[in-house]
Amino acid sequence: MSNIRITKQFNFETGHALYGYDGKCKNVHGHSYKLSVTVIGKPITDRNNVKFGMVIDFSDLKKIVKEEIVDQFDHATVFNETTPHIELANELKDRGHHVILVDYQPTSENMVVDFSERIISRLPQNIELFSLKLQETESSFAEWFASDNQ
Numbered sequence: 001m002s003n004i005r006i007t008k009q010f011n012f013e014t015g016h017a018l019y020g021y022d023g024k025c026k027n028v029h030g031h032s033y034k035l036s037v038t039v040i041g042k043p044i045t046d047r048n049n050v051k052f053g054m055v056i057d058f059s060d061l062k063k064i065v066k067e068e069i070v071d072q073f074d075h076a077t078v079f080n081e082t083t084p085h086i087e088l089a090n091e092l093k094d095r096g097h098h099v100i101l102v103d104y105q106p107t108s109e110n111m112v113v114d115f116s117e118r119i120i121s122r123l124p125q126n127i128e129l130f131s132l133k134l135q136e137t138e139s140s141f142a143e144w145f146a147s148d149n150q
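Each step along the sequence shown adds one to the number in the working numbering, with nothing skipped, and position 144 is 144.
These are computed hints drawn from the structure, not numbers from a lab. Don't take each hint at face value.
As the list claims (entries may be wrong) - Here are the simulated SDA-like cross-link-like pairs (lysine to any residue), alpha carbons at most 20 Å apart as the crow flies:
#1 K26 <-> I86
#2 K34 <-> R118
#3 K133 <-> F58
#4 K133 <-> R122
#5 K66 <-> T38
#6 K93 <-> D74
#7 K133 <-> E67
#8 K34 <-> F145
#9 K66 <-> E117
#10 K26 <-> T107
#11 K63 <-> N126
#12 K133 <-> S108
#13 K51 <-> M1
#14 K66 <-> L123
Could you build all of it, start to finish, from the sequences and the hints given here?
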């Protein structure tokens, strides 16, 4: 049976700031992120399985990505916990804002690595994460490929 790639796309809004950066992105700002998640596997061949012919049910992949990424990052502001932005983060949290503190600079490059780890930890054994594409703007995105990270 052939390996087949399955892709599902997601959208979410997230704010962030890049502490120490020498451009406009040092300021708190937000993006309408688009995340494309591609997994690879062999379609189920057991005719008695309700998911016969599927690599993974799109709804199962959706559940994983929503729980691990979309539901957590949508309308949140992400800050590096090891920078002075922690003071701003704490102030926002105290005022009821949804803030995520991470141990990395919250660039698209680092976020896509974080997302890959979150998704991989939840995939069924016979399914592998093939790639992620995190689009920050209409013309700017970061990509993660399993083949580049072995």
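Hints, one by one, checked against the model:
For the suggested pair K26 and I86, the alpha carbons sit about 14 Å apart, so the restraint of at most 20 Å is met. Simply put, K34 and R118 have alpha-carbon atoms about 17 Å apart, close enough for the 20 Å limit, and the pair holds. Restraint check for K133 and F58: the C-alpha separation of about 17 Å stays at or below 20 Å, so the hint holds. Between the alpha carbons of K133 and R122 the distance comes to roughly 18 Å, so the proposed pair stays at or under 20 Å and holds.
Between K66 and T38, the direct Cα distance comes to roughly 14 Å. Compliance with the 20 Å bound is thereby established for this hinted pair. For a cut-off of 20 Å, the pair hint linking K93 to D74 stands: about 16 Å separates their Cα positions. For the proposed pair K133 and E67, the alpha carbon gap of about 18 Å is at most 20 Å, so the pair holds. A hinted pair counts as satisfied when its Cα atoms are at most 20 Å apart, and K34 with F145 qualifies at roughly 17 Å.
Between the alpha carbons of K66 and E117 the distance comes to roughly 14 Å, so the proposed pair stays at or under 20 Å and holds. For the suggested pair K26 and T107, the alpha carbons sit about 11 Å apart, so the restraint of at most 20 Å is met. A C-alpha spacing of about 17 Å is found between K63 and N126, which places the hinted pair at or below 20 Å, so the restraint holds. The hinted pair formed by K133 and S108 meets the criterion: a straight-line CA distance of about 9 Å does not exceed 20 Å.
Distance restraint check for K51 and M1: the Cα-Cα separation of roughly 16 Å lies within the 20 Å cut-off, and the hinted pair is therefore satisfied. Between K66 and L123 the CA atoms are separated by roughly 13 Å; this keeps the pair inside 20 Å, and the hint holds.
The earlier numbered hints are all upheld by this structure, with none contradicted.
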